[in-house]
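Enquirer: Going down the list, the protein sequences come from chains A and B.
If you're matching positions, the first sequence starts at 1 in the working numbering and goes up one per residue.
If you're matching positions, the second sequence starts at 1 in the working numbering and goes up one per residue.
Warning: the hint list may mix true and false statements.
Said to hold, decoys possible - Once the Cα atoms are required to be at most 30 Å apart in a straight line, the calculated DSBU-like pairs of lysine-lysine come out as:
hint, chain 1, residue 1, chain 2, residue 2
1, A, K492, A, K405
2, A, K23, B, K366
3, A, K636, A, K651
4, A, K23, B, K57
5, A, K523, B, K449
6, B, K366, B, K449
7, B, K366, B, K444
8, A, K636, A, K405
9, A, K492, A, K601
Stated by the list, open to error - Ranges of calculated distance between the beta carbons of each label pair, as one might list FRET restraints:
hint, chain 1, residue 1, chain 2, residue 2, range
10, A, K601, B, N440, 36 to 42 Å
11, A, K601, B, T270, 49 to 55 Å
12, B, Q104, A, S64, 43 to 49 Å
13, A, I406, B, L468, 50 to 56 Å
14, A, K601, B, D196, 30 to 36 Å
Hints were generated in silico from the structure; no laboratory data involved.
No residue lacks a Cβ here, since even glycine has one placed at the ideal position from N, Cα and C.
In case you want the letters, here they are:
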Amino acid sequence: MLIALLVFLPFGFGIADYIIGRKSERSRNRFAVVSTFAELILALVLAALVIRGGAGAVPSLDISSVFASGMHFRADGFRAVYAVVTALMWAFTTLFSQEYFEEEPEHLNRYYLFILLTLGATEGVMLSADLMTTFVFFEILSLTSFTWVMHEETQGAIRAGYTYLFIAIFGGLVLFMGLVLLQAQTHTLVYAELPQALASAGEVSDGRLLAAGLCILTGFGCKAGMFPVHVWLPKAHPVAPAPASALLSGVLTKVGIYGILMTTLEAFLDQATYGWIVLILGTVTMFLGALLALFSVNLKRTLACSSMSQIGFILTGIGMTVLLSAQSAGEGAEAAHEMGTAAAGGLASLGHHAAMAMSGTMLHMVNHSMLKLCLFCAAGAVVMNIHALELNEIRGFGRNKTLLKIAFFLGLLGISGVPLFNGYASKTLLHEAITSGIHEAGEGAAITLAGAGILHVIEWIFLISGGCTFAYMLKLFICIFVEKNRDAARQKRYDDAGSNCMNAGSTVVVLGTSLLFIALGQKPVFGALASLMTGHAGVLEAFRPLSWECISGGLISLGIGAFLYLVVIRNLLMSKDGTYLNRWPAWLDLEDLLYRPLMTKWLPGLLGAVLSVFGENKILSRLAPALFYAFASVLKVLSMTTDALILFLRKTILRERVILGQAQQKMSLVHKKRDEYREAAATLNGNFSFAMMLACIGMLVFLGVIVLAIVRG
Amino acid sequence: MMREILLIISILLPIAGGISLQIIRPSSDRAQRFRCELTAILTSILVWALILGGTMKPFTVYSFTLGFRILFQVDGLGMLFAAMVSIMWPFVTLYAFEYMESEQRTTWFFAFYIMTYGVTLGVCFAGNVLTLYVFYEMLSLVTIPLVCYYQNRESMYAGRVYAGYVIGGAAAALIPVMVTTLYEPTAFVLGGHRFDYLPPQFVLLMFVIGFFGFGVKAAVMPLHAWLPTASVAPTPVTALLHAVAVVNTGVFAIMRLTWYVFSPTILHGTWAQYVTLGAAIVTLLVSACRALRERHFKRRLAYSTVSNLSYMLYGVMLLNPDGFVAGMAHMLFHGVIKMSLFLCAGAFMHQSGHSYVYEINGAGRKMRFTFAFYTVGALSLSGIPLLCGFISKWRLLIAGAVEGTALSYIGEACLLTAAFFCALYTLSVSVRAYFPVRENNIWKDSSLKDPGWRMLLPIGFFTAVNILLGVIPGPVLDFLGRIASGTV
């Protein structure tokens, strides 16, 4: 019941809000805030129930009579936590929207409508218990969130919106294909039934399963921002309103991750190839995102690329979970196979190392959601005050804005993985996962000794990417809050604006979230959270975040970051007089280089060639008129023969010339030149309907006779 | 006996109604509307009385020599098609009243429009392939005047092309019709005949000729060009006939040929299957691509119809029961969706007088209902879940995966690519309508508005059906499953 409310209530709220908005704007805004906070309370109640009930009584909801295979929801630890995170993000961003849109209150009915609809759909995904339900809500939120990107209706926003929409639809379809491939093999899409179905379906071929897995990975990856389908991410964020960016980056990317995580945990835990693919794609995403962020000179674009990079960290964690699990499962599965028992999949079956990796992944998801909420809202505070995002323009804006400075600084500490802050714990766990993979190399089939070499490389990329995170965050922080603007008049304007740049509500949002980073960085807090989410009680008991082994990894990463900042950013990415430069080559853009031409030029061109072979307007459509001419020619021959015959008859038997002339005139109509032919056709068509009518009367008589025949028996 | 007469009357009534409209001219527009709508609704009631009475054994009404008979029956597949058109006709007739308001010669138009209804029902209830052929041919003839309705250069050309294609196709189809009737003069039987006593290659050749012959109306490439050309006809015609009745007759005839005349078992895995399946796959991809490049609103939708018809043929030519069910489902669902899309396109053209996609910028803010309905249809057609288009795509893909041959997987990939194109070409219209670039909002200060209730009601109805079938597809799919297993 609670789940149903949580999922479906926001849809009602959205529509109600739209109707209210047509009457009064003030009450609409208030209603939106109230409804998101109501949702938050519902989510908290649900989470409390889950914590109290333990693993035994997981709230669930099945609606079996609708849709293709019914809808299933359940709320275990992870899902409940994410339901709360989602509701929290929404409540805070809606609160923040109040101030953000004060100056430009256009199209806000639409904005709030789609915000609330997306909330419902996101809760639907986060609580879904089968892949089909996930898919349904995933598609809904893809389409509803698209309106956020286009909200501003500028040229750039429309273009980014198209990119977003079509990547989303592409993702949806590829995911759809994956679902079909999986369904064809397992005959079920309920997460909990997948391990059983895969174990009992004897002839499941690994190749087909892998194909299904890759389709699903790509599909969800489109929303998560995974390489190579990340292209919408750096484009959509800068043009979307800041609260929407926070949601896109903080929650919607996690929706993609949720899908990947769930399918991986239930169906692909023993597929080492799949694990390697996820790991490698994750690594590329992680590094590429960090690199793009380092080069970017736009505040929101940097944050967007940073999101991409953090998603890469999470994917790396998922990949490592699979590898570690497959590594340790080798012997266990064989034993299970001999005893004839089916392997139990899912979170419960994870080994110790894999569970550690998993908790790192899940913690990093939560951390990243919170971090991006804070950082994007801080960026929103900049935008709503000075309507600019370019680093050179906003430089020096925050020199005297203390609260904003504190919040942003906490965000910097959190995301860069400074010890005692939230990002540190999760990143260290992910790092641990990679190193334990290296330690276990050779003990199983999943990670061979050669694999360990690759893992070494990945470990270094991991550390460097962490360093990049520190570097680009430092770049942002120093630019906005430390340096002076090069335009003195502008700097004076910024300074004169005073230290107050947000109203009370927005301050609560930004500062409140940033204080969470400290809380989430403490072991009792994140330990309990990890136990709740993974369902393994005390999974992190053996984890010592402040041991030298762990801290050294963090310090190496921070050291690389400091080096990158001082050497690369201060020298290569800034001109002599200290302006920030965009050194990223403009042509190097996967979308413009490959995707757009592929879809708008190459494929249609190729198929156009096929069309011209098949005679679109060329050969075959001429065929119909040609047939008519052929027909006419036959008629002509026939008529000439008849003419000749008549002529012959007239000359011999019937000597009457007048009729002959008429006949000739009539026949000549058919074979005269072009205009005459048309004229004839017009006459023909004029009489045509009459002829048709006659035919129909004939039909009628015919059918009447038939009725009579039946009546008589 | 009673039901047999009912069946004949339901075919006859609209034909008689149409003819009487020409002979006894209605005194006013009002009277004409009344007579048309009354005929359509009465016929629909008759049809539903027939359908709810369940199946009916074949009965001969006239017998020529050599076992050539005119034969009617009511079976599952016929019921499906009849139910579909009988619900659509009254609604689209209502739509046509408003659409044709300012036109000349409306009596002429409505006479043929109503007659077409009866002929289509004849196709639905035909009991053997010869009867099917007779009504199929009549359907071609009776719709030609509708295509040439405007009687300008363009539509006369379209009429000639249309006539050339459909009559030529029917002529090709006549060959297998005659041959099969000669050897197996019985009524349609699910599972068909194996024709063991004929040379197998000859049987396959007959099938392929029949496929492409009937395939003209189903717009299989390379015989599709008439359909986009024919979109110059008035919208009620393009919507009801060239998105549902006429084109689905082609698919329907192919279904009859594949599952009720020839046995799927003798076709499965032969070159005949590869050729026909291949043609369907090429068509569905290439025409989707063509639709993407088309700028005329209705022609774009017409190409989309070409593509979607081949989805159905893909399902049918997989030659497994899953595929058959999926094909039927797509026939039904696509009908509903495409109807609402065409009617919306017509509403826009009627209200604004413009017909190109780039002229839509910002129209969604003025014609709120029309474009809201359009968007639902577009989403459904591109396969977004909770709308009915998704269900049939899901079934089609599952059927392809179950089949598991190389060609069926290629087909799946092409189908998904086509679905992606479909999203591009339908949704870009919605995006234009709702999110015009600020400087380019051409309808900003115009008096463009939604059409009247007679046009909106049908569109709203089809949209509602679209959502309903998408959320609760169970009963319909069960029924289709029973058709495919012959237990209706």
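Enquirer: Hints the structure violates: just list their numbers, smallest first.
Expert: 4, 5, 8, 9, 10, 11, 12 and 14
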